[in-house]
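**Q** Sequence:
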Amino acid sequence: MINPQQQRNPYIIGSVIDKPDQFFGRQSLFEFIKDTLEQNTPLILLYGQRRIGKSSVLKQIPQKISEDQFVFIDFDLQVFVGDNRKHPINQILHYLAQRIGEEIGNSLTPTAEDIEDDPTIFHEDFLTQIYNILGEKKLVLLLDEFDVLSEENNEGNVEFFRLINNWLSKWTERLFIIPVVGRHLKELPHLLSLLGGSPYKEISFLDKDSAVMLITRPARGVVTYQPNAIEEILSLSAGHPYFTQLICHELFNLARERQIWTINAEDVKTIIDKAIETGEPGLAWFWNGLYPQAKVVFSAAAEAQHREEQDDQVSYSPKLLLRNYGILTDSLTQVAKEMADYGFLNEFKRVKIELVRLWLLQKHQLKDEISNLAEVNQQDVENLCSVAQNQPQIALQLYEEALGINPNNFQTVTSLAKEYLQVEKFDQAFELYSRAYKFYSINDQQERVLQPVFDLVTEYSQASNLDKALELYAQARKIAPEERKDGFIQTLEQYAHNLTINEDFARARKQYEQVLQIDPNRQLSQDRLEEIRAFESKLKGVENLNSQPQIIANQTTVLKGVETLSSQPQIIANQTTVKPNPFTTVKPNPFTQIMKRPVTFVALATVVSVFGFGIYQQLSRTCPPGEKKELGVFCVVDNSKISRGERTLFPNNNNPSRDQGIAAFKNGNYQAAAKLFQQSIEAKQKDPELVIYYNNARARQQGSPFTLAVVVPIVQGTQINDAQEILRGVAQAQNQFNDNQGLNNRFLEIVIANDDNKESTQQLAQQLVKDNSILGVIGHNSSDATQAALPEYEKAGLAIISPTATSVFLKRSVFFRTVISDASAGKKLAEYTFNNLKLKRAVIFANPNSPYSNSIREVFTNRFEKLGGEVVRKPLIDLTDINFDARREISATVYSRDKFAQAAMLFPDTQSTPTAINIAKEITRRNARLKDNPQDGRVKELKMLGGDSLYSDKTSKNVEGLIVATPWFRESSPARPFAERSEQEWGGGISWRTATSFDATQAFIKALSNNVTRTNLLEKLPSIKLDRNETSGYQLKFTEEREREGQSILVQVKDGKFVPIELNGL
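With the UniProt record's numbering, letter number 358 in the sequence shown gets 358, and the count goes up by one each step, no holes.
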């Protein structure tokens, strides 16, 4: 046995392992390389994170694969390109030729000058010489640190990749290249595009068996590792070879120092700090390879785990932790996912390597690293802020744009908050101040954050504008309850005093009560509050009159009585004697001051009590959403937005037969109603409301109808057209079902609901839920409305199928859709823009408060940036901004030096669609001018693309060239039969909304049964399948997520109408 004291430390940290007996594992990787080479695959890409052992793998390839068939040449590109050394490609090829010559024994290598003059000399002449020497053997180039070239997108590197392709084409089945990169392939889109379909393999962590060999084999016969020690090592290293070697290196030193050669779990814990100290250079190199956002997410993950260890009752996540520090995490969600993909975090967003996490807690705490977020797009942000400081008249807009570029630059956050203060946009200001206060508190620097607020409070107070001063104090108190508390109290008391002087005792009392909530021992407020209460108690006797029973003749008498009294102020004044207000002098009171004066107030209270104060209150009361006044007094449920045939929801459409049909329907005379509705249809063919009412009358005649509801936005303008298009699809499916005698002679009845107000969407959903006859809901039109209504349907277990709401954020157990979601549309638009139109810079116009706009924007942005594109003026330009000017925004988009775009993406919701159409018109006019007056190519045509909300006849008639992603298109081959039938039925072309609404109704019909209930209908929907002849042209089947299978279709406006992209020659 070797004397342990003389044994050198066998664990290697930081060096390339070239001896086979010191290398463990990776057998499946070498078998993959061997099989791929033997299949004559010319290029194999290997990738892995820093310190994972990539260079060691390259050194082992010749050892693991027979050299009888292959000759391996390793070449490290880092030597020539890294550390800011920018050697021309011809010099790199010269050095590569030298390396090959040294290995093969050929000294006749081309010079750099020779290669510069003729780059083909390398593979035409030099490699010919090499293969003459090699005979039948094949040459394999092992190119380490290949990514130092791959993402430098310059002409030299493009030329280098072109040369590689020439080599491989020239020497098919003789030359092979295995490049290794130190980053995840998602970070290297340019490289992937150049390599085409070449196979690739990740060099990842060691599996457990290989990691155990790496722990035990190097010191076998010297050190014994107990099983619990091995488990402890693996829990610290997660099988990462570098960190496994690092830990074992320190354990061997510990054993040698103590002369105890058995290692247990406690020994492993003992050397953690020493391992971190020894591994600092490697750990730092590991860290320095990360970009700023990744560093922050990494540190946040480490701290979140640490907090959970300190408090096992609370679950922390990196996202929650960052939000608690004021960070907007939307842009970091993708970063966290990439960190997991790259092996830095596990699937639970926790640091994968425990030793790295412990090092992060020591060296890179979140409070020290969070400021790294300011580095994101730093130059662009600083440029905008610099202009803002010099141009105060447009500072607010510039700071908003800067914050859009980087929402976590807190110098911008506080600057924009101050601008909002100046224009009295207090809600926006305090939202930003709240974030800033949290952010700066991480390092106890929050004291000065609210200073601009308190400066403005002082200005308001000096100007006797105490309302505004208190508003600011109250907002600031929500953020920092103890800051300027005394100032807040003093202002409240001053305001209360002013109210008392003006005899507004109720409001004054509230101010003093608020003071006592802040400081219960505040004597001044206690005294003043007691004085007010004492005065108010004098009115108590009069108030008791309200409780005495009174006989009221009628409401008219009440009002006339009050009017008569109001015209006789002296009589009222003389009816009651009240002690004067102790806080002020009582003056003669005309009737205009009646409610301010205690004497007349008491008299009026007496009169109103006598004549029915309860009815007076009902008259003045405002009804809550979803209710309306009945007889001018009582609030009752408002059913005016729901109809089976009892009323028209399109009163502007004049149709006498319809009105007579409605009267018959309300009276229960369904036979007459059906006949009259049929006559009304003949008078107005395109009106789907009439078709639905006709079929409802038929269903009532038949008895026991199946009932579904359809919710549409019947609002004048764009949305009323959407409503009609949706109703056409529902009416067509209902009519077809009833004409075919329904199901066992039970017909389908449709309830139409008008969702014309976003604020009342929830109440409308509640009304539909309460109607137990309704089995399912088709709707709502917009993603916004659908999002508001979904919780009500889910609570009731009521299935909803949306034919039009596409937001990817809509996820509920009762929610299905027959429209393709934004996941397809956003992806397709991004790929077409980047790959087909060859455009790399896009700007997005959308509504930041719309689920639909944000959904398609997010999908497009993520895909476009992954492809290598850039979204400028991120995240979007707000279509709902009251100062929005289409012409100005287009000019800024085209002519901006740093923020110019080649494509405008229009993602409006239903509310902002008219604004988006105005943008499209402006772009159309601008592009037309360019064609008529070309400017020698300096100003390019601006392409415009959009979501399905822009698909309408109004759009196509007013713009040219707009490309839209739509879920269905009437000119496509599968859709044409349905489109032709529908055109005959409705007297004109139909839109995708009609098609998807037809499909939604058909899906419900497919799920019907004789004993149908809401529950079994909901259970049956996920498994239904409709063939093409049962739908609007495409098979209907739901995925596990209740989404429709399928892809969006791209169409373009050409000569005033939409045509498929494929037919447009693009």
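No wet-lab data here; the hints were simulated from the structure. Among the clues, some could well be false.
[Stated by the list, open to error] Below, computed lysine-lysine pairings styled on PhoX-like, alpha-carbon distance capped at 20 Å:
1) Lys478 to Lys418
2) Lys1037 to Lys811
3) Lys795 to Lys770
4) Lys1020 to Lys811
5) Lys921 to Lys1054
6) Lys931 to Lys1054
7) Lys170 to Lys186
8) Lys138 to Lys34
**Q** Compare the structure with each hint and give your call.
**A** Consistency of the hints with the structure:
no., hint, result
1, Lys478 to Lys418, "holds (18 Å)"
2, Lys1037 to Lys811, "holds (17 Å)"
3, Lys795 to Lys770, "holds (12 Å)"
4, Lys1020 to Lys811, "holds (18 Å)"
5, Lys921 to Lys1054, "holds (14 Å)"
6, Lys931 to Lys1054, "holds (16 Å)"
7, Lys170 to Lys186, "violated (30 Å)"
8, Lys138 to Lys34, "holds (13 Å)"
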